[in-house]
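Could you build all of it, start to finish, from the sequences and the hints given here?
Number of protein chains: 2
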Amino acid sequence: MNLIDGNKISAEVKDEIALEVTRMKERGEKVPHLAALIVGHDGASETYVGNKEKACKQVGFDSTVIRFEESVTEKEILEKVNEFNNNPSIDGFIIQLPLPKHISEQKVIEAIDPRKDVDGFHPINLGRMVIGLPAYVSATPAGIIELFKRYKIETSGKNVVVIGRSNIVGKPISILLSQKASPGDATVTLTHSRTKNLKEVVSRADIVIAALGNPEFLTADMVKDGAVVIDVGITRVKSEKTKSGWKLIGDVKFDEVSQKASFITPVPGGVGLMTIVSLLQNTLKAAKGEIYPKK
Amino acid sequence: MNLIDGNKISAEVKDEIALEVTRMKERGEKVPHLAALIVGHDGASETYVGNKEKACKQVGFDSTVIRFEESVTEKEILEKVNEFNNNPSIDGFIIQLPLPKHISEQKVIEAIDPRKDVDGFHPINLGRMVIGLPAYVSATPAGIIELFKRYKIETSGKNVVVIGRSNIVGKPISILLSQKASPGDATVTLTHSRTKNLKEVVSRADIVIAALGNPEFLTADMVKDGAVVIDVGITRVKSEKTKSGWKLIGDVKFDEVSQKASFITPVPGGVGLMTIVSLLQNTLKAAKGEIYPKK
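Taken in order, these protein sequences are the chains called A and B.
Just add 780 to wherever you are in the first sequence, counting from 1, and you've got my numbering.
Just add 780 to wherever you are in the second sequence, counting from 1, and you've got my numbering.
Don't read these hints as lab results, they were simulated from the structure.
No false leads were mixed into what you were given.
Since the list gives no way to pick one copy over another, a pair counts as held whenever it fits inside one copy or between any two copies.
Pairs of lysine-lysine residues, derived as DSSO-like cross-links and limited to a Cα-Cα distance of at most 27 Å, are as follows:
#  : residue 1 : residue 2
1  : LYS1040   : LYS976
2  : LYS1068   : LYS929
3  : LYS887    : LYS1074
4  : LYS788    : LYS932
5  : LYS887    : LYS1065
6  : LYS881    : LYS960
7  : LYS860    : LYS887
8  : LYS788    : LYS1068
9  : LYS1023   : LYS1033
10 : LYS881    : LYS1074
11 : LYS929    : LYS837
12 : LYS1004   : LYS979
Here the structure is a predicted model, which is why all the values come from computation and not from measurement.
So, in structure tokens, the structure goes:
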């Protein structure tokens, strides 16, 4: 069994980005600038935005965080989005979800200039990805692709089974791995709650991507010997063994599945760490005009 | 074996649309208006646009066709698209593809107001479809979904295998049938030229959708007893048996596969006839503001 080490790869990619930023500075270019908008005081959101700021600092990006109280109106959010859209110093920005219920997330997402949509949530970026055009790909699927690249995991002609059809993981990773691309060119089956013969389907997979959000769902008896197993699930559960009183559990029963897998991502320390790295990569692409030409 | 009769269903749907148009007229509402832009004198394109005009007449839609010579510039096309976008009498319009090589099809498609993009080719409509938001779905996948509805073919929990990963058929029908919807909720495998064990994968399918454009590719030995077989291929081949000197052949070896299938679409007379019907349905939706609210 080979461990796919998210710690190692995310550090590697960050180092590469930091080097690129140093070079940009040396050439007298503006450094990439990522902005984030956060509403309210949700703990997980605060942590995530805090990690983004920290990661920006690590690689030398400029970073801006705008905070609103829960009482903010949709109009105020849309005005801020418009301001970000028109601020030439900001290369890319994200709206930390979820937003309070009185604000339409979809309306806010569609108000983002697709050229600055480094989360890849705007339908135009999703649509461009489906067609195979340059597009911002959302963080988790982009992170999985990066791991395949770094570990030279062959996907062409492989049977891939994705478990879970969410808009931000299951659907986009299925589409990406089906594309004429490398990584890609896989035969992908997308499974979900209505799939009848899941165990049988999964047992044929060369590569399994578990993204259903059900702790330790994937057990050894479901997986074929030598399969590559990617665990996207992150569920926080109470634990008496940790100082904090809780621990993170993935969708894969790691102890037993790791006995059969050729490659496997742990939780924590796997895919989760790649999401912020993907966001940094998208922001770098935005700054360099790699997806959309600069105005 | 039950024949899925595209002639019958397309006539049925057209009758329903015509009835709806009559009612709209009675209520003093504007009738739906479909416009088309065609460049050059390609035979297939002329036929297709001619059929669209005819279908519009049959159901009582207004129809406009704008023709340009091959020498037209991209700028002139984009100006016409802009004119269509801003013409309140036009509910939806299509750009007949292919365009001459000196014109960027993608640029033209992205210039279409997504609210009038009844071909469903704009990335924003594709992206909205992936997310599960209201969107114009392109003609062939929408036509297949309509056939499933009309023949009450159950897709929930079924194993669907799609052969061919084109942007206008294979990818969107895979996405649609995976969605939490009815028809939908299927376990979909998207196969293509890099799929290694195609025969084995297809033999497990409850529903096979052949959309690779390879005449008579799907043979009886590949299909399981009782499978539903949808043939999207249309290849024109020479024939001494027809007056015209040519005939249309699908991707399915009909004579033998029909012996095993529970339901099957013929070529011609199957899916192909549904494409224009889908376009009429999208135009009706545009006129009624069902996908995007009217301005």
